[in-house]
Amino acid sequence: MVKKGNWFFLLFGFLGGVLLLFIILPFVTLCSNQSLENLVTVVQEESVLLAFLNSFILAAIASFLAILFGTPLAYLLSRRMVPISGFWHAIVDLPLAVPHSIVGIALLFFLGGNSIFGALFNNIFRFGFVGTRIAIVAAMLFVSLPYAVNAAKEAFDRISVRIEQVAASLGAPPASVFFRVSLPLAKGGISSGAILTWARAVSEFGAVVVLAYHPMTAPVKIWDEFTTGTLERAGAIAVIFLFLCLSVFIVLRLLLRKQKNG
Amino acid sequence: MADILCVEDLSVFVGSFRLKNISFRVSEDEVFVILGPSGAGKTLLLETIAGFHKVTGGRILICGKDVTRAPPYRRGLSLIFQDYALFPHLTVRENILFGTRYRSGVHISENLSHLTNLLEIQGLLDRMPATLSGGEAQRVALARALLCQPKVLLSDEPFTALDAPMRQKLRAQFLQTIRGLKQAVLFVTHDRNEAYQLATKVAVMDDGRILQIGGKEEIFYKPQSTDIAEFLGVETLLEGVVEEHKDGLLKIRVGDSIISALGERRVGEKVTLCLRADRVSLEMDEDAARSTIRNRFNGVVREIHTEGPVAYVIVDCGFKVTAAVTRLSVEELGIKENSTVFLSFKATSIHTF
Numbered sequence: 002m003v004k005k006g007n008w009f010f011l012l013f014g015f016l017g018g019v020l021l022l023f024i025i026l027p028f029v030t031l032c033s034n035q036s037l038e039n040l041v042t043v044v045q046e047e048s049v050l051l052a053f054l055n056s057f058i059l060a061a062i063a064s065f066l067a068i069l070f071g072t073p074l075a076y077l078l079s080r081r082m083v084p085i086s087g088f089w090h091a092i093v094d095l096p097l098a099v100p101h102s103i104v105g106i107a108l109l110f111f112l113g114g115n116s117i118f119g120a121l122f123n124n125i126f127r128f129g130f131v132g133t134r135i136a137i138v139a140a141m142l143f144v145s146l147p148y149a150v151n152a153a154k155e156a157f158d159r160i161s162v163r164i165e166q167v168a169a170s171l172g173a174p175p176a177s178v179f180f181r182v183s184l185p186l187a188k189g190g191i192s193s194g195a196i197l198t199w200a201r202a203v204s205e206f207g208a209v210v211v212l213a214y215h216p217m218t219a220p221v222k223i224w225d226e227f228t229t230g231t232l233e234r235a236g237a238i239a240v241i242f243l244f245l246c247l248s249v250f251i252v253l254r255l256l257l258r259k260q261k262n263g
Numbered sequence: 137m138a139d140i141l142c143v144e145d146l147s148v149f150v151g152s153f154r155l156k157n158i159s160f161r162v163s164e165d166e167v168f169v170i171l172g173p174s175g176a177g178k179t180l181l182l183e184t185i186a187g188f189h190k191v192t193g194g195r196i197l198i199c200g201k202d203v204t205r206a207p208p209y210r211r212g213l214s215l216i217f218q219d220y221a222l223f224p225h226l227t228v229r230e231n232i233l234f235g236t237r238y239r240s241g242v243h244i245s246e247n248l249s250h251l252t253n254l255l256e257i258q259g260l261l262d263r264m265p266a267t268l269s270g271g272e273a274q275r276v277a278l279a280r281a282l283l284c285q286p287k288v289l290l291s292d293e294p295f296t297a298l299d300a301p302m303r304q305k306l307r308a309q310f311l312q313t314i315r316g317l318k319q320a321v322l323f324v325t326h327d328r329n330e331a332y333q334l335a336t337k338v339a340v341m342d343d344g345r346i347l348q349i350g351g352k353e354e355i356f357y358k359p360q361s362t363d364i365a366e367f368l369g370v371e372t373l374l375e376g377v378v379e380e381h382k383d384g385l386l387k388i389r390v391g392d393s394i395i396s397a398l399g400e401r402r403v404g405e406k407v408t409l410c411l412r413a414d415r416v417s418l419e420m421d422e423d424a425a426r427s428t429i430r431n432r433f434n435g436v437v438r439e440i441h442t443e444g445p446v447a448y449v450i451v452d453c454g455f456k457v458t459a460a461v462t463r464l465s466v467e468e469l470g471i472k473e474n475s476t477v478f479l480s481f482k483a484t485s486i487h488t489f
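Line by line, the protein sequences are chains A and B.
Numbering of the first sequence is given in the numbering used here, commencing with residue 2 and proceeding in unit increments.
Numbering of the second sequence is given in the numbering used here, commencing with residue 137 and proceeding in unit increments.
Only chain A is shown next, with the shape it has when bound in the complex (with noise of 0.2 Å):
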């Protein structure tokens, strides 16, 4: 028996099912076109391994410094307390929207060796900026930051303006409101934000192969063996950094829907 208006539904679960699918069929079949022995002989190399690990410990860094860094402005974007808020907020989406590639130019122009910043880098520390883990860092935190201001910002502005004025009230300073009050209410959206700004950060190829090819991360190895080496490599590793990726990502929400509920 078809009611009426179940068109709709078929209609929209056939637009959104496409959509899935999409998403879902070019995993399957990359994962499902590998062979085993590919799988055990790439995990055992170094150099996939390290690239891992540069991955993983480099995007944790820059979701850190995100985090460290866009909560205060969030906080400040989200009261208003600075001038034209909107504009700056608009700064802070600025990365989403530009291709990845000109980020990593970029910032080698900002802090390649002929700059004014990458010599006064290159005469603190003694070496160059391109080609190290700070760069890779740099490129990560620039293209994942937005995420970690905005879910800040929408945790912020969740809060009620009158709970921060009762606490005003009540004599605690500006500093105390925001550590007693807002801080441990906008804590999920932070944490939430901190696993979305990890992702990105892991995911980033663009902007990062243009300020370091090497020392490598996952992308850029995975990127490195498609154009240097053949297909099957290039598709074994991508795999393996797949799941890792998504294993880490889930075990983190649930970490952080367990501390909700708890």
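For the record, the hints were derived by calculation from the structure and aren't laboratory data.
Ideal placement from N, C-alpha and C gives every residue a C-beta, glycine not left out.
It is possible that some hints are incorrect.
[Unchecked claim] Example chain A residues on the side facing chain B (calculated, C-beta under 8 Å, incomplete):
(1) Gln166
(2) Val167
(3) Ser170
(4) Gly172
(5) Val182
(6) Leu184
(7) Pro185
[Claimed, not checked] A few chain B positions that, by computed beta-carbon distances, are all more than 12 Å from chain A:
(8) Arg210
(9) Gly212
(10) Asp219
(11) Thr236
(12) Leu248
(13) Arg263
(14) Ser475
(15) Thr488
For chain A, the structure is supplied; the task is to place chain B on it using the hints.
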């Protein structure tokens, strides 16, 4: 009694809202009610006194100290709101004790047990705010606001979101709790019954201005304009012309009738007469109507509205007068629509402006 809160010629602009030349004083143990319709600027006034808006003109003094430019956390006042604004991540106890670390010299444990007993929230101290009912949450908010003995308690329609029986109970508890705390209470509401019940003094506010300030009897029985009278729900408003003025006694012509009132008015002056329904007596026969009363009229009942135990009887005696009687009296006297009745009211019950 010493003035605790003193607002002098205060002006504020926030977006399209503005407050214009607001002045009033609130002294110790006084409940000062700001009464006005929505959008009158009541909340803005409260927030400005609390220190959340920049003042464009005038001064705010608390205990004689100018706090016009002081940040909110240095003003020594506290707030309660319609939406309670409890800290959702803290227990009831932590909520109430929140301000203690900023204020020294307060007898914390003594105050805590006193307030929680008075407000009947001893059993809630370890609960989280999300598990409280509206009435419980507002009592916790009140305990939190009062624990550190603020000089001024600012209340923004704190009982509006509650159902009627709880609202009634909390108003009584509120008055009992703040009694003798030697602080000033500034209470904002749009509900004239609430204002009448709680206030020692009332300011009527509209469109960012204070229209009239006075004791509550003065405000409710002697409004200064038609707008105020209508907002306060004065049941009978009549237009008339002064015909005679002798030794403070006025004879005012309203339609074909003459109403006696007290006051100083010129002969020929046009005036508006205010008469509250509870100041009018109704009888079925003329003899029963008290003969010492100057204003006695007979008329025909046009409408009867009942509100709870009270019946409002609208009588046409050439001009329309509303009388409030109990529903029991309506039944016992046999008052019906189109029945003829006799009504009387004292000259002192008439207020003119």
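Taking the hints in turn, this is what the structure says about them:
no.	hint	in the structure
1	Gln166	holds, 6 Å
2	Val167	holds, 5 Å
3	Ser170	holds, 5 Å
4	Gly172	holds, 3 Å
5	Val182	holds, 6 Å
6	Leu184	violated, 10 Å
7	Pro185	holds, 5 Å
8	Arg210	violated, 8 Å
9	Gly212	violated, 8 Å
10	Asp219	violated, 6 Å
11	Thr236	violated, 9 Å
12	Leu248	holds, 14 Å
13	Arg263	holds, 17 Å
14	Ser475	holds, 53 Å
15	Thr488	holds, 43 Å
Consistency note: the structure conflicts with the earlier hints numbered 6, 8, 9, 10 and 11.
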